[in-house]
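Visitor: Protein chains in written order, with our numbering: chain A, 366 to 515; chain B, 366 to 515; chain C, 366 to 515; chain D, 366 to 515.
Keep in mind that a hint or two might mislead.
It does not matter which identical chain is meant; a pair holds if it fits inside one copy or across any two.
Here are the simulated DSSO-like pairs of lysine-lysine, each with C-alpha atoms no more than 27 Å apart in a straight line [unchecked claim]: (1) 432 with 479; (2) 432 with 483; (3) 482 with 511; (4) 511 with 432; (5) 483 with 511.
No wet-lab data here; the hints were simulated from the structure.
Number of protein chains: 4
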Amino acid sequence: MVYVGVIGSGSCSPREGLLAYEVGAEIARRGALLVCGGLGGVMEQACRGCMEAGGVTLGILPGTRRKEANPYVSYALTTGMGEMRNFLVVRCSDVLIAVTGGYGTLSETSIALKEGKKVVALQFPFALPDTLRAGSPVEAVEMALKGQER
Amino acid sequence: MVYVGVIGSGSCSPREGLLAYEVGAEIARRGALLVCGGLGGVMEQACRGCMEAGGVTLGILPGTRRKEANPYVSYALTTGMGEMRNFLVVRCSDVLIAVTGGYGTLSETSIALKEGKKVVALQFPFALPDTLRAGSPVEAVEMALKGQER
Amino acid sequence: MVYVGVIGSGSCSPREGLLAYEVGAEIARRGALLVCGGLGGVMEQACRGCMEAGGVTLGILPGTRRKEANPYVSYALTTGMGEMRNFLVVRCSDVLIAVTGGYGTLSETSIALKEGKKVVALQFPFALPDTLRAGSPVEAVEMALKGQER
Amino acid sequence: MVYVGVIGSGSCSPREGLLAYEVGAEIARRGALLVCGGLGGVMEQACRGCMEAGGVTLGILPGTRRKEANPYVSYALTTGMGEMRNFLVVRCSDVLIAVTGGYGTLSETSIALKEGKKVVALQFPFALPDTLRAGSPVEAVEMALKGQER
Chain A
366 MVYVGVIGSG SCSPREGLLA YEVGAEIARR GALLVCGGLG GVMEQACRGC MEAGGVTLGI
426 LPGTRRKEAN PYVSYALTTG MGEMRNFLVV RCSDVLIAVT GGYGTLSETS IALKEGKKVV
486 ALQFPFALPD TLRAGSPVEA VEMALKGQER
Chain B
366 MVYVGVIGSG SCSPREGLLA YEVGAEIARR GALLVCGGLG GVMEQACRGC MEAGGVTLGI
426 LPGTRRKEAN PYVSYALTTG MGEMRNFLVV RCSDVLIAVT GGYGTLSETS IALKEGKKVV
486 ALQFPFALPD TLRAGSPVEA VEMALKGQER
Chain C
366 MVYVGVIGSG SCSPREGLLA YEVGAEIARR GALLVCGGLG GVMEQACRGC MEAGGVTLGI
426 LPGTRRKEAN PYVSYALTTG MGEMRNFLVV RCSDVLIAVT GGYGTLSETS IALKEGKKVV
486 ALQFPFALPD TLRAGSPVEA VEMALKGQER
Chain D
366 MVYVGVIGSG SCSPREGLLA YEVGAEIARR GALLVCGGLG GVMEQACRGC MEAGGVTLGI
426 LPGTRRKEAN PYVSYALTTG MGEMRNFLVV RCSDVLIAVT GGYGTLSETS IALKEGKKVV
486 ALQFPFALPD TLRAGSPVEA VEMALKGQER
């Protein structure tokens with residue numbers, strides 16, 4: 366099973382949320398697992414899309430209370446490590462999809478690139494030469510899963 | 366859903382493995398989630414019991430390779446933190462059951478007690494006044510789940 | 366330079382504080398470095414003894430504010446990892462001395478033993494077969510430094 | 366005392382090394398503490414500059430062996446957390462100076478910006494709107510220390 370990390374801001378516009386929702390749904394339709402930071406915004410909409418399409422979601426939380434997780438997290442891991450948990454999101458993922466995002470997402474993207482993992486960018490505001498740019502949620506998941514098999 | 370951490374040695378005797386298997390199976394029968402360190406020995410037998418009884422298991426691995434997980438881990442988290450991942454096993458669990466075990470298990474037990482979490486001991490070789498002693502796998506899970514509700 | 370971890374409760378009696386103070390002072394007199402969790406109680410008295418004898422102390426803090434460190438910490442590391450920083454205290458130390466202590470100290474002791482590090486116990490309330498029992502602060506440091514050379 | 370994190374590649378050109386050396390020396394001359402990842406390249410040259418100017422350097426290492434530290438690290442912390450230790454470098458620093466650098470340095474920069482910490486960039490190849498651009502090592506340290514007082 367391929368573990369796809371979805372990273373992005375903890376708050377997002379409705380339009381960005383829709384992108385995230387579609388990414389999550391496509392991950393479920395393709396039979397992959399969604400890994401994320403477990404909170405709101407992009408994370409929540411991606412989890413919602415995944416769960417409503419029948420998929421499973423893992424949320425790796427910064428705090429120690431499981432109830433901080435958004436309601437679409439199948440299994441929530443409380444780390445108590447704060448933003449350091451970003452590293453775990455990357456470590457646990459085979460490939461990542463960045464949907465919009467700020468400096469937190471940029472940190473995850475750069476960690477992933479440093480570790481040699483593929484990062485697909487969907488309306489990600491930072492231009493990094495080693496990310497793959499996708500034009501739509503379905504294309505993003507397609508690019509992410511290409512060549513992965515576990 | 367209650368998250369039950371099962372802790373114990375990475376290698377164990379057949380008799381200890383049977384205890385762990387029964388603990389895992391009872392966790393599944395009671396509808397709880399099994400969290401563990403994802404490797405062999407007690408962890409593997411508990412996961413096997415849980416999965417064969419229809420339950421779900423999370424394995425929080427010390428290394429960075431998912432294939433290090435035992436085959437009965439439903440979802441494996443690679444941390445790359447080495448033994449420090451013991452902390453995450455405790456942090457993610459609502460309550461813990463120690464099945465036999467050495468110093469690694471003792472570290473998890475003492476972290477859990479320090480954080481005010483219940484620890485049920487099943488043939489755990491260290492005598493700590495604040496653990497609850499169970500006489501059988503079924504009793505261990507019963508004691509663990511008592512009063513938990515999420 | 367040998368890095369000696371001093372572990373023990375964050376609050377302690379005057380008599381226990383005196384033991385910790387003497388351990389810290391002896392570490393300084395022997396030219397070793399003191400590593401600890403940076404807070405109060407045993408940690409503070411050990412740091413005070415070390416600093417007043419001309420030594421250097423490292424404090425590895427659970428939180429993110431450097432001012433949480435006791436005033437006798439030469440260099441304070443803010444981790445934001447909570448009790449998980451106990452692991453770092455052990456990882457950074459060549460050898461450890463447990464002065465009294467509760468479950469937090471027991472977790473550090475068992476992690477150290479798991480990792481094959483020497484632990485000297487001075488009035489440590491838990492009986493573990495693999496710790497070395499010292500009768501006085503000077504003897505504790507003597508036992509800790511024996512055979513270490515870096 | 367102000368803790369200044371110096372981040373940059375683990376290997377660097379002689380010209381980049383000279384910049385790092387000068388940054389480290391200026392940190393020492395200004396009475397601040399240098400924090401870094403403890404390895405080679407920019408980290409080593411910055412430590413060397415700092416130590417040769419009479420300053421103190423902390424190296425937060427990815428591995429578990431203290432001898433991995435470059436020879437100009439005053440106090441080395443072994444974490445065993447791999448690249449995750451980047452987070453600790455940022456957490457321990459009041460302000461950061463990025464000297465050249467790749468994705469690892471970008472991850473540290475973005476974590477720092479996410480946490481609201483000032484980052485001064487000296488020939489840092491990524492253009493981020495919230496970093497401060499310095500034209501020389503002395504200016505970089507001047508900009509870093511401005512307004513800091515602890």
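Visitor: Against this structure, judge whether each hint is valid.
Guide: So, going through the hints one by one against the coordinates:
{"no.": "1", "hint": "432 with 479", "result": "between (32 Å within a copy, 22 Å between copies)"}
{"no.": "2", "hint": "432 with 483", "result": "between (31 Å within a copy, 19 Å between copies)"}
{"no.": "3", "hint": "482 with 511", "result": "within (13 Å within a copy, 38 Å between copies)"}
{"no.": "4", "hint": "511 with 432", "result": "between (34 Å within a copy, 20 Å between copies)"}
{"no.": "5", "hint": "483 with 511", "result": "within (10 Å within a copy, 39 Å between copies)"}
When the structure is compared with the earlier hints, no violation turns up for any of them.
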